[in-house]
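Undergrad: Here are the chains, one letter per residue:
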Amino acid sequence: MQVHWSPLGLSEEIKVSENHHSHDHDHTEPPTDLVLRVQALESLLIEKGLVEPESIDALIDTYETKVGPRNGAKVVARAWCDSAFKKWLLTDATAAIASMDYAGRQGEHMKVLENTPTTHNLVVCTLCSCYPWPVMGLPPVWYKSAPYRARAVASPRDVLKEFGTELADEVEIHVWDSTSEVRYLVLPERPHDTEGWNEADLTELVTRNSMIGVEKAKSPKDIGRGI
Amino acid sequence: MNGAHDLGGMHGLGPINPEPEAEEPVFHTDWEKRVFGFTLAAGFLGKWNIDMSRHSRERQHPVDYLRHTYYENWLAGLEKLLVETGLISQEELATGKPAGPAEASTRKCVPKAEDVAEIIARGNPVAMAIDTPPRFKTGDKVRACNRHPAGHTRQPLYVRGRIGMICEHHGAHIFPDRNAAGSKEGRHLYSVGFKAETLWGENADDRSVVYVDLWEDYLEPL
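Residue numbers (my numbering), protein chains in the order written: chain A, 1 to 227; chain B, 228 to 449.
Think of the hints as simulated: they come from the structure by calculation, not from any bench. Note that the Cβ used here is the ideal one computed from N, Cα and C, for glycine as well. Among the clues, some could well be false.
Stated by the list, open to error - So, partial list: chain A residues that the calculated Cβ filter (under 7 Å) puts toward chain B:
id, residue
1, V35
2, V38
3, A40
4, L45
5, R149
6, K161
7, V175
8, E199
9, T203
10, T207
All chains, full assembly: derive it from the sequences and hints.
TA: Right under this line is the structure:
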């Protein structure tokens, strides 16, 4: 098996490697030291009886295919449609989210932050990579990166601009540094021109980035339903 | 500890360069998947807690912490924890060859694949009931202590010595500084709001507030 690696984890080489046979790469190239180190440790853990290989596969499969930001999108869309649920979500997010069967690891203590025309919320973890897994899955590379962790607390307006998000000067930015086991989810503003939309359609407007707070939710136009 | 992981406010790290959301895979390589999977699986043995895990990554040389990719830091932390808890020896790690199977008492704790979903669903709640009443209430002005513990802490450097306001009491949660040393103790936890100019002076973004979750030991009354 050929595995590519680069310091950024994002090189062209990696993208190419996802289509294994669409290029002229030399497949006899040996794996890198890092790949060998990972393989050696995994074998050691299994041979010593410390982990079950099927458990490793189950964990990967859970976060690669089952748990992800579509869960959070459903929570947001429901809050947009159901004012009683929204109130519950803003006062006891853990219970409200658990009622939709999203609970557990890295979401044991949830808090939802409501964006309004005058307040915009942004979530970061300056000390590591804390992120609400049950509703969002695993965090993107940029969320865990040093530049985001360094700048989100000190220069949030510049950070938002880097994501193409321009806020009016009078909008207050509230940055939430996830230093405890409380996990934060942003409730973006419901986009205009979505009156009468059902929950399922509204979830299409809710992006992962809008629930971290670096972007706003999509507009109907963004998904080809503009008027 | 004042390590390279404590990044809030650091300059010179360059642009964020986010990968477009629709194009970003959950894992970028197979080795990342494996590190993610076996780090969680090894954690199920219960030999360490989340604060010990964080501290194992933070204790790397600052140059290594910043140079490594995310899952390389996980790998380095896991290797350290496995050796420190005696689950594998330094020699086994160096050679990749097991000197023998793990102790029977440890192997009895290894979860099966069919248990994984339940373990994830259960999670690890950290709220605790404690007898001590909270020292602060919502609206109180507080100063974040100027403390620099050599061990693990969740009080970021950028708030130390700064004045903020108690915005919410989360109840008592496990105190990370002691948890990383193996002692599970509850302390009151608060959401503390700091005005940007308090933290960043004349470089502050206008009209921004930073909320940081801080345990009572990190705070002093004004």
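Undergrad: Each of the hints needs a verdict: does it hold here or not?
TA: Now the hints, each set against the structure:
no., hint, in the structure
1, V35, "5 Å, holds"
2, V38, "4 Å, holds"
3, A40, "4 Å, holds"
4, L45, "6 Å, holds"
5, R149, "4 Å, holds"
6, K161, "11 Å, violated"
7, V175, "5 Å, holds"
8, E199, "21 Å, violated"
9, T203, "15 Å, violated"
10, T207, "6 Å, holds"
The earlier numbered hints that this structure contradicts are 6, 8, 9.
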